[in-house]
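**Q** Starting from the known structure of chain Y, fit chain G onto it as the hints suggest.
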Amino acid sequence: MSNSQVVHVIDDDAAVRQSLAFLLKAAGFAVRVHDSATAFLKVLPVAQAGCIVTDVRMPEIDGLELQRRLRARKVGVPVIVITGHGDVALAVEAMKAGAADFIEKPFDDEVLLGAIRSALARRVQDTRDEARLAAIRARLERLSAREREVLDRVVAGKPNKIIAHELGISPRTVEVYRANVMTKMQADSLSDLVRMVLLCDETA
Amino acid sequence: MDPMSAETPTPQEFAAMKAALQAAEARLRSILETVPDAMIIIDERGRVESLSTTAERLFGYAADEMVGRDIKMLMPTPHREQHDGYLKRYLTTGERRIIGIGRVVVGQRKDGTTFPMHLTVGELRSADRHYFTGFIRDLTDQQLAEARLTELQSEVTHMSRFTALGEMASTLAHEINQPLTAITNYLKGSRRLLERMKGEQASMLREAVGKAADQALRAGDIIRRLREFVARGESERRVESLAKLVEDASTLALIGARENGVEVSFRLDATADLVLADRIQIQQVLVNLIRNAIEVMVETSEHRELEIATVASGEETVEVSVADTGPGLAPEVAAQLFQPFVTTKRKGMGLGLSICRTIVEAHGGRIWVDPRPGGGTVFRFTLRAAKLEEPSLVE
Numbered sequence: 071m072s073n074s075q076v077v078h079v080i081d082d083d084a085a086v087r088q089s090l091a092f093l094l095k096a097a098g099f100a101v102r103v104h105d106s107a108t109a110f111l112k113v114l115p116v117a118q119a120g121c122i123v124t125d126v127r128m129p130e131i132d133g134l135e136l137q138r139r140l141r142a143r144k145v146g147v148p149v150i151v152i153t154g155h156g157d158v159a160l161a162v163e164a165m166k167a168g169a170a171d172f173i174e175k176p177f178d179d180e181v182l183l184g185a186i187r188s189a190l191a192r193r194v195q196d197t198r199d200e201a202r203l204a205a206i207r208a209r210l211e212r213l214s215a216r217e218r219e220v221l222d223r224v225v226a227g228k229p230n231k232i233i234a235h236e237l238g239i240s241p242r243t244v245e246v247y248r249a250n251v252m253t254k255m256q257a258d259s260l261s262d263l264v265r266m267v268l269l270c271d272e273t274a
Numbered sequence: 007m008d009p010m011s012a013e014t015p016t017p018q019e020f021a022a023m024k025a026a027l028q029a030a031e032a033r034l035r036s037i038l039e040t041v042p043d044a045m046i047i048i049d050e051r052g053r054v055e056s057l058s059t060t061a062e063r064l065f066g067y068a069a070d071e072m073v074g075r076d077i078k079m080l081m082p083t084p085h086r087e088q089h090d091g092y093l094k095r096y097l098t099t100g101e102r103r104i105i106g107i108g109r110v111v112v113g114q115r116k117d118g119t120t121f122p123m124h125l126t127v128g129e130l131r132s133a134d135r136h137y138f139t140g141f142i143r144d145l146t147d148q149q150l151a152e153a154r155l156t157e158l159q160s161e162v163t164h165m166s167r168f169t170a171l172g173e174m175a176s177t178l179a180h181e182i183n184q185p186l187t188a189i190t191n192y193l194k195g196s197r198r199l200l201e202r203m204k205g206e207q208a209s210m211l212r213e214a215v216g217k218a219a220d221q222a223l224r225a226g227d228i229i230r231r232l233r234e235f236v237a238r239g240e241s242e243r244r245v246e247s248l249a250k251l252v253e254d255a256s257t258l259a260l261i262g263a264r265e266n267g268v269e270v271s272f273r274l275d276a277t278a279d280l281v282l283a284d285r286i287q288i289q290q291v292l293v294n295l296i297r298n299a300i301e302v303m304v305e306t307s308e309h310r311e312l313e314i315a316t317v318a319s320g321e322e323t324v325e326v327s328v329a330d331t332g333p334g335l336a337p338e339v340a341a342q343l344f345q346p347f348v349t350t351k352r353k354g355m356g357l358g359l360s361i362c363r364t365i366v367e368a369h370g371g372r373i374w375v376d377p378r379p380g381g382g383t384v385f386r387f388t389l390r391a392a393k394l395e396e397p398s399l400v401e
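If you read the protein sequences in the order shown, they are chains Y and G.
No gaps in the numbering here: position 95 of the first sequence is 165 in the working numbering, and each next residue is one more.
No gaps in the numbering here: position 9 of the second sequence is 15 in the working numbering, and each next residue is one more.
So here's chain Y without its partners, still in its complex pose:
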């Protein structure tokens, strides 16, 4: 674990921010906390960039806007976005905007730490290697037409009810398809699934 790389925690809720810092320090990371994206952007020029863990919903500059501004400044620091539960649409938007990962609150510490380790190791880049891409494509091919339709809509951030309506099936059936898709794609989480699909789209 490289201690030269700093994890920047950005959250407007003081308790969440400080507790995150405590957890990360306990796990051996160097941590800096910021109470807003604005505050972070101010210190960005002198900040040691490792990765950023940010809440998506914040007043003024939210998590998505922060990603946009970083991109505009050509800052390539990996960003892990924390979303409230069920904010799939927002999460997908974050992934499309280039987030390294998104984590749903409340989260298990191993999930967050794993995401941070990957981000610091830039494993996101590694996923672009051809072998992995080919594997993902092969899994996509194994999906039935219906499963693919459900997958596309899940990745577009549509809730089950809307998907059910669009496909003319019941929401319960959508849940079943969704579970099948997760299994067939060997996705550990929704973010994993979204990332795989986005990866194939980009390189297609």
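There's no promise every hint is true.
To be verified - Pairs of lysine to aspartate or glutamate, EDC-like flavour, derived with a Cα cap of 20 Å:
| id | chain 1 | residue 1 | chain 2 | residue 2 |
| --- | --- | --- | --- | --- |
| 1 | Y | K95 | Y | D178 |
| 2 | Y | K231 | G | E367 |
| 3 | Y | K95 | G | D284 |
| 4 | G | K217 | Y | D258 |
| 5 | Y | K231 | G | D284 |
| 6 | Y | K166 | Y | D258 |
Treat the hints as calculated values from the structure; they're not laboratory data.
If you're wondering where the values come from, they're calculated on a predicted model, not measured in any experiment.
**A** Frame of chain Y; chain G shown alone:
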């Protein structure tokens, strides 16, 4: 003629009386023909003496079909059977139940159909005879409008109570989730530190702290389920006409607007009419935005213009906007306008716009606020456009 009269009139006097009588009758005739309300005169036994042209039209009878017949033919059961009793009671007791008071009753037309009407009755005594004059106003249109309004209102009030409850639960869930997240983080962090310590006590602590963290996660799970239930429990989306939604919502929301000098205009995009929406919920959003706009203009602005507009904002979305000419929003207020419990009103919980956001986002749309060019505020939200061939969403 009056039997007590001392003398019989002379032929000249008789002619003058006859002329006066004819003139009075002509005056009555012309009144009955032109009076805009329906008017019927009956005698003390309830027989129709004369009626206005409007009354003929209203009940569907010609004058000669009614004159001389009992007025109760115009009443549905049970009043029809009891009218004689009503008359007798008044003539013996003098107790007024409708005379000079007026009330809403039901009338029956020649074809048997009934309608609500407002009836006022006047009394006329001439020599030893009693006459009653009934003035009748047809309430059909008015009652229809009122019934529809009441119906709309109760639907929306019910829904807004339900959603307010849901919003409370949802807000509570979010608010509790934050400290729970913090608790979990502290516990998991402590557990990691304890892992590096030696001894029996350290291992006991490690286990206890780990279990505490699991319980915090469990509490989070319960809240998550509550939130899911509230957020998605009752919503039902169908293909709806946006024009109709706007019309229904503004009927409700614009009550009293014109009296307050608010000029209202609509600009609806006919090419973007069909949307996928829960009718009641979207009406609630519209009512909320429109009432807010009116309230702020009435309180603070001389210039009061409200514009409600819809426009296709892409292949798949329709944008709805409500623009006012109020004082506009301070940037710091605008930034957190859709957060729960934020309000600029003296009364109010600050849930209205937060509920709007919950509803719009549950519909897959977005809600935001822009300054209006020339002063004021524009609230905008998007809805998913629907195509005609899409069937209604049946759960």
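**Q** Each hint should be assessed against the structure and marked as holding or not.
**A** Quick rundown of the hints versus the structure:
Restraint check for Y/K95 and Y/D178: the C-alpha separation of about 16 Å stays at or below 20 Å, so the hint holds. Of the supplied pair hints, the one linking Y/K231 and G/E367 holds, its CA atoms being roughly 13 Å apart against a limit of 20 Å. A threshold of 20 Å between alpha carbons decides the hint, and for Y/K95 with G/D284 the separation of about 47 Å lies outside it, so the pair is violated. A hinted pair counts as satisfied when its Cα atoms are at most 20 Å apart, and G/K217 with Y/D258 does not qualify at roughly 24 Å.
For the proposed pair Y/K231 and G/D284, the alpha carbon gap of about 12 Å is at most 20 Å, so the pair holds. Proposed proximity of Y/K166 and Y/D258 is supported: the alpha carbons are some 19 Å apart, at most 20 Å.
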